[in-house]
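Given these sequences and hints, build the entire structure.
Sequential numbering from 1 applies to the first sequence in this note's numbering.
Keep in mind that the hints are not guaranteed to be accurate.
Claimed, not checked - Calculated lysine-lysine pairs in the DSS-like style (CA-CA distance at most 27 Å, straight line):
no., residue 1, residue 2
1, LYS235, LYS106
2, LYS163, LYS283
3, LYS75, LYS240
The set of hints was computed from the structure by calculation and includes no laboratory data.
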Amino acid sequence: MPELPEVETIRRLVERHLVGRRIIGVDLRLPKLMRDSPCPDLSVIAGQTIAAARRQAKVLVLDLSNGWSLLVHFKLSGQLAIERPDGSRDVAGHPVPDPTGPFPHKATHLELRFDDGTIVWYSDIRQFSWLRLMPTGDVEAALTAFGFGPEALDEAVVLWALKAVAPRRRIPIKTVLLDQTVIAGLGNIYADEALFAAGIHPGTPANEVSRPRLAKLARSIPWALEQGLAQGGAKIVNNKARPIDGFPAVHGRQGEPCFTCGTTVEKIRVGARGTYFCPTCQKPRLKKHV
DNA sequence: TGCGTTGTTTCACC
DNA sequence: CGGTGAAACAACGC
1 MPELPEVETI RRLVERHLVG RRIIGVDLRL PKLMRDSPCP DLSVIAGQTI
51 AAARRQAKVL VLDLSNGWSL LVHFKLSGQL AIERPDGSRD VAGHPVPDPT
101 GPFPHKATHL ELRFDDGTIV WYSDIRQFSW LRLMPTGDVE AALTAFGFGP
151 EALDEAVVLW ALKAVAPRRR IPIKTVLLDQ TVIAGLGNIY ADEALFAAGI
201 HPGTPANEVS RPRLAKLARS IPWALEQGLA QGGAKIVNNK ARPIDGFPAV
251 HGRQGEPCFT CGTTVEKIRV GARGTYFCPT CQKPRLKKHV
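Structure, rendered in structure tokens:
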């Protein structure tokens, strides 16, 4: 489930391996991925060079040399594979299908060939992701239209945003974290992990999270994202976590012992989302009624 | 085979 | 009118 760390990992790979390279072949086998795209025909990017790779929230923006840009939202299961002329391969995004397996495959919907022999495969088993091709000059307005809040990697700004919003809302604190207009970049995995690291029950009404807990949460959010970045993205395969050095600690670990206290990790629903937490480390602490 | 899956939008309701 | 929660939607695997 590509969230900020997974998309940023992809961005860095593109920057390292594709920027400055010229696209010589475009094969979009699932044209409907160009949902609401100002230019519906992706083949027109053939001949262009990738000039820059940037990201806001979970949206990847690839600027092309002719003044057009390709926007990508990976949604649940988008995945990008880059195979260099020597056969070495980098894959980021959703870890299914197996990144080490053969490409292209049934879920590979786009193939890009580059002038140096590099090949890019874009895959998506759920087909929920989207691509948009638009003039670079329109990108800023398009991103603004999403109404994204500040990037979740910046602790100070995150704390400011949480202080501004949480006391005025009674919805679960996890639901606040998933609202991209409050803080941009968290999805289901990192919201669960940040709440675990902060010791907050995910169902706690936002206006009942104390100031000190809010401050701890503001620290935990960038921390959780950095853990994911360090791993090149969290590895959750078929809803089962494959933790590295204790991360993820709770997401995808239903029925398994908490790494901190040994209590069995539970799965509940919060805001209609599958939510994992440790009942001991994340005890509900409601404000006393007066 | 119907349910679960997430990011995002939409909608009914109080 | 705005906060809220639920439903809808995208489509597939198990």
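**Prompt:** Which of the listed hints are broken here?
**Reply:** When the structure is compared with the hints, none of them turns out to be violated.
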